[in-house]
Each structure stands twice: as structure tokens, then as C-alpha cells.
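Protein chains in written order, with this note's numbering: chain A, 240 to 498; chain B, 285 to 615.
Only true hints are included.
Below are the BS3-like pairs computed for lysine-lysine, each with C-alpha atoms no more than 30 Å apart in a straight line: (1) B:Lys562 <-> A:Lys370; (2) A:Lys437 <-> A:Lys362; (3) A:Lys384 <-> B:Lys316; (4) A:Lys241 <-> B:Lys562; (5) B:Lys560 <-> A:Lys437; (6) B:Lys583 <-> A:Lys384.
If you want the ones that stay clear, here's a sample from chain B, every Cβ over 12 Å from chain A, calculated: (7) Tyr309; (8) Ser361; (9) Gly368; (10) Ser375; (11) Gly376; (12) Cys467; (13) Lys499; (14) Cys593; (15) Glu599; (16) Tyr612.
I should point out that these hints are in silico values taken from the structure, not numbers from a laboratory.
Ideal placement from N, C-alpha and C gives every residue a C-beta, glycine not left out.
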Amino acid sequence: MKNIFEARSITKDFHIEGLFGGKKRVVRALDNVSVCMEAGSVMAVVGESGSGKTTFGRCAAGLEIQDSGIILFEGKPVDFKDRETRRKIQYIFQDTYGSLNPRIRAGAAVMEAISHCFGISGKELEAEAFKCLFDVGLSEREFYKYPHELSGGQRQRIVIARALAVKPELLIADEPVSSLDVSVQAQILSLFLGLNRKGISIIFITHDLRIVRALADNVTVFKNGKIVESGPVASVYNRPKDPYSALLISSVPGTGKKR
Amino acid sequence: MIKAGKTAATGERMAVETVSLSVSYALKQGGKVYALRKADFRLPEAGSVAIVGESGCGKSTLALSLLSLLPDNADYSGEALIFGKKTLGASGEELRRVRGIKAGIIFQDPCASLNPVFTIKQQIEETILAHMPGTDKKELREIGLSLLEETGIQDPERVYMSYPHQLSGGQQQRVMTSIALSCGPGLLIADEPTTALDVTVQAQIVALLKKLRKKRRLALMLITHDLHLALELSDRIVVMYAGEIVEDSLIRGVKDARHPYTRLLFEVIPDINSRKKKFKVIPGSLPDLRVLSPGCYFKDRCPRAKARCGHERPELTGKAGHVCRCFYPLD
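Required output: the full structure, derived from the provided sequences and hints.
Given below as C-alpha cells:
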């Protein structure tokens with residue numbers, strides 16, 4: 240199997256109610272989007288707000304259903320009703336507070352995910368959860384803490400641990416480090432690199448083009464719901480074909496390129 | 285080697301000055317967080333500086349202190365002055381003469397700073413009337429529209445009559461800047477002004493701030509966690525860590541950085557031109573600011589730390605134009 244993920248002609252519209260019974264609007268969030276991804280690679284999805292990159296990620300994870308087009312996972316049309324498929328494709332949100340139950344301690348959140356997928360319990364379950372926490376650089380101390388007792392970086396590690404606990408093959412991460420300090424970002428990004436080295440494919444959605452260079456193999460640029468450019472990171476960055484890609488790259492502070 | 289804190293002999297007027305400014309926050313469960321400790325900082329009239337640091341470094345506390353906007357649980361000592369007038373702890377009357385008139389401030393999220401139920405017209409004019417009461421309707425509108433034009437708004441008449449939610453993030457930030465400048469202050473404080481904006485819009489706002497600074501001879505104090513953004517806007521960088529100023533200098537890039545934290549901060553920012561699949565990491569995390577450390581606050585994460593760093597506190601030392609808080613700075 241060469242491609243772990245493929246999107247073919249995906250279109251997604253959102254219907255927006257007018258205020259106070261005003262006119263309805265239709266926003267085309269994704270417009271005939273097609274892209275594919277090799278197993279074991281990291282694909283960065285970049286674009287500004289409203290570009291469709293988040294909607295793309297959500298469709299890829301089954302959190303939204305596209306209006307037309309198909310998504311293929313491991314060469315077959317994806318069936319999000321299938322438990323195994325849902326286990327193999329995991330999603331990481333930007334907002335850690337939103338994705339962790341504030342009344343459940345960190346370790347318990349991870350155990351909940353494991354027992355749901357693998358049906359183990361008791362000491363074995365606890366041991367497995369501890370291992371997941373260690374794998375993301377956390378310790379026993381964090382196991383017993385509530386989300387609000389952890390730092391932003393630690394919370395994001397719990398979210399990642401929980402996603403990894405079910406042994407996924409594809410991770411879709413939507414701006415997972417955007418709300419973190421630069422030095423903490425670096426730690427979490429190193430973690431992602433490590434996961435990719437272990438064979439996990441990653442779709443990494445971000446607006447920060449600096450991260451993309453060191454993290455991704457390929458990059459897909461979204462604008463107004465369309466893909467304007469897609470390819471290996473080095474060639475898109477060094478020789479962008481689309482003027483919008485070139486503009487994005489040159490807008491990043493510190494590129495040393497003239498605007 | 286001179287110690288920082290000696291008054292410049294040039295007789296320059298200072299837009300901003302803090303003297304041994306310390307701020308702590310009282311915690312509900314008891315104890316305090318020592319958020320800012322003995323900050324000595326000066327910004328000359330029409331000068332520009334970027335205060336750079338990560339969460340918990342004290343940069344926002346410093347900005348809030350300058351306009352006496354600290355929360356109720358804050359305890360402070362030392363002084364903060366804007367154009368020679370004391371602000372921290374000043375009376376409401378005295379502060380009214382500084383806020384808006386001498387110093388304007390723009391915050392990170394323009395959407396949160398604009399009132400959603402009032403038009404832009406109402407919000408700009410409200411600010412002008414608050415500081416210059418009695419201005420007539422026609423003049424108010426003229427000033428308002430010219431401010432919007434000045435901050436690069438393409439169709440000022442339409443935007444003037446709009447509500448905030450009808451504008452894009454970039455437009456909202458330009459409106460915020462108009463409001464901040466509406467009473468002609470000599471100092472603009474910008475606290476993470478581009479963080480919530482798309483990268484192409486960020487670039488536009490940076491260009492706008494540069495233009496305004498030149499045109500209005502503004503002193504500009506930018507607060508940011510983005511080191512590269514800081515270098516775009518200012519020649520002078522003040523780096524803060526765990527409540528202290530650790531470096532204050534005119535630096536152009538990583539080679540000028542003398543404090544180990546500053547050097548690492550440059551290195552952890554992923555390089556858009558790099559081909560390596562690696563992220564440089566600063567190991568460890570911020571020290572607990574509820575406890576006053578006997579030594580350097582960076583020692584546990586510092587690759588150059590030695591025994592002395594554990595029990596002696598370094599002061600800001602160096603040449604004029606470049607000081608650094610370290611016993612073993614890089615060269």
C-alpha cells in the first residue's frame with residue numbers, strides 16, 4: 240500500500256443562517272480538493288484563516304462529512320462507522336482544554352481510551368497507560384493530575400498520549416502547538432518527529448510555515464477552499480509555483496526575503 | 285564594566301521609565317507569585333524597543349504596570365513613569381491625563397477589545413470625547429475618518445459606520461490602532477498586536493506600525509514572544525525570563541546574543557531555511573515563581589551554569605547599549 244490517505248474531489252459547503260431571519264449564505268469551505276499522502280510521511284497543510292485547512296482535517300478524520308468526493312484510507316473508501324478505522328485515524332485539537340474532560344485525571348483519560356479500544360482492565364490497563372505517558376515525556380506525577388493542574392505543554396502531551404494509546408496509523412493534528420510558547424513548541428514538535436520515525440503518518444495543519452520546513456515531507460497550501468500548491472517542502476519553499484504560496488513564505492518574519 | 289541604572293548624561297526625555305519595579309500577585313490559596321522583580325527600564329522619546337519573552341516572563345505585567353492596569357491582587361514596589369509622570373498607584377484623575385493622551389495601548393485580540401454593540405464611529409468618538417470633551421460633531425467625524433485613513437483602512441466611510449464583527453481581523457487591529465492614537469499620544473504600547481492575525485496580515489500591521497512611528501515620532505514599545513517579529517520592528521531588544529530583564533541590547537541576530545537564554549531562544553525558533561529534520565529544544569521548564577531563588581533563575585536550564593549560579597544572583601552588567609544578566613555570558 241503506497242498511499243495511506245487520499246482525498247478525491249472533496250467539496251464541502253456550510254449553510255449559514257442570516258441574523259434575525261435574514262438571507263441564508265452558503266460558504267464553500269472546500270472546493271474540489273484532491274491530495275494524496277504516502278504511508279509513513281508527514282504532510283503539512285497550511286493556509287490562513289478561512290482557507291479550508293481545518294475543514295479538510297475534520298473531513299479527513301470523519302468529524303465532518305463532505306458533500307461530494309471520496310476519502311480513501313489505506314487504498315479503500317474510508318468507513319468511519321468501522322471501529323477499527325476510527326482507532327487507526329486519530330485527531331488532535333489545538334485547544335487542549337476543550338479536548339480533555341476537566342473532571343478526569345490525566346492517567347484516567349488515557350486509560351479510558353485504551354479500555355475502549357482494547358478491552359483490557361485493572362493493573363494491565365494502568366501499566367499500559369503509564370507507558371503511554373512515559374512515551375510522551377511525562378512522569379508518574381502527571382498521571383494523577385487534573386487538566387487544569389498541568390501546563391499547556393503537559394496538557395498537549397496528554398492529548399497526544401491518549402491518541403497514541405490506541406496505536407493509530409494516521410494522526411491528524413490541527414494547530415497542536417499554536418497556543419504554546421516557542422520553547423515548549425520545540426519539545427512537542429520533537430515528539431511528533433519521534434512518532435513519525437516510529438512509522439506513524441501525520442497530517443499537520445498549521446499556519447506557521449517555519450514549523451513545516453523542519454517537520455514535514457510534503458506541504459499542501461490552501462486558499463479560499465482550494466489547494467493552490469502541493470509538493471515536497473523543499474521545492475515549494477525554494478521554487479513556489481503559485482504567487483500565493485510565495486507571498487505566504489515571504490510574509491514569515493525572519494525569512495530575510497523582501498516583501 | 286558599568287552597572288545598568290546609571291542615568292544617561294545626554295538629558296534625553298524618557299517616554300517610559302521604570303525604577304526598581306517589582307510586582308507580585310497574591311494567590312487565593314495563600315502565597316505570592318513574584319511576577320516582576322526589580323525591573324529598571326528606560327525608553328527614550330521617539331525610541332523603539334521590543335520586549336521579548338515567553339509565558340511567565342513578566343512582559344505583560346510590565347505593560348500593565350505602566351498604565352496602572354494591574355489587577356486587585358497585585359502588590360508592587362518601585363516606580364513606573366510615562367513622560368516623567370508617575371502612573372503606578374496614581375489617582376484616577378492623574379491617570380486620565382496619561383492614558384490615551386500620553387500613551388495608547390493595543391492588545392492582542394482586537395475583537396475582544398472592541399465593543400461588539402457599538403459602531404466604530406461610536407468607539408472612536410467616545411475615546412476622543414473622553415479626553416477632549418466639547419469637540420464638535422463635524423470635527424469628531426473628520427478626526428475619526430482621517431485616523432482610519434492613516435492606519436490604512438481602504439474604505440474609511442464604510443468602516444466608520446460598521447460594527448466590529450463586520451470587519452476582518454486586520455481591519456479590527458487597524459481600528460484599534462486608530463483608537464489608541466486618537467488623542468495624539470507620544471507612546472504606543474503594542475502587546476502581541478499580531479499574534480491573533482494571519483501571517484500576511486501580520487506583515488501589513490508591522491509595516492503600519494513602522495510607518496506610524498516615523499510619521500508621528502512615536503515611541504514604540506512592542507511586546508511579543510516572536511523574536512523575529514521583534515527584530516523586524518526594532519533595533520533594541522529587551523529579553524525577559526521568569527520575571528527579570530536578562531538582556532537589553534541592540535542586536536541584529538543570534539550572533540549578538542550574549543545571554544544563554546537569548547541564544548537558545550533564537551535557536552529554538554524553527555529555521556524556515558533549514559533542511560535538517562530536527563528541533564532544538566530548551567530542556568526543563570520555568571522555575572516556580574512562588575519561591576524567590578537564591579541564584580540565577582535560568583540555571584537549571586542553562587548549558588553554561590556553574591556553581592556560582594546556584595547561590596549568587598547576577599545583576600545586569602555590560603557596556604552601554606548592551607547589558608546582560610549572567611556571570612558567564614557568551615561573546
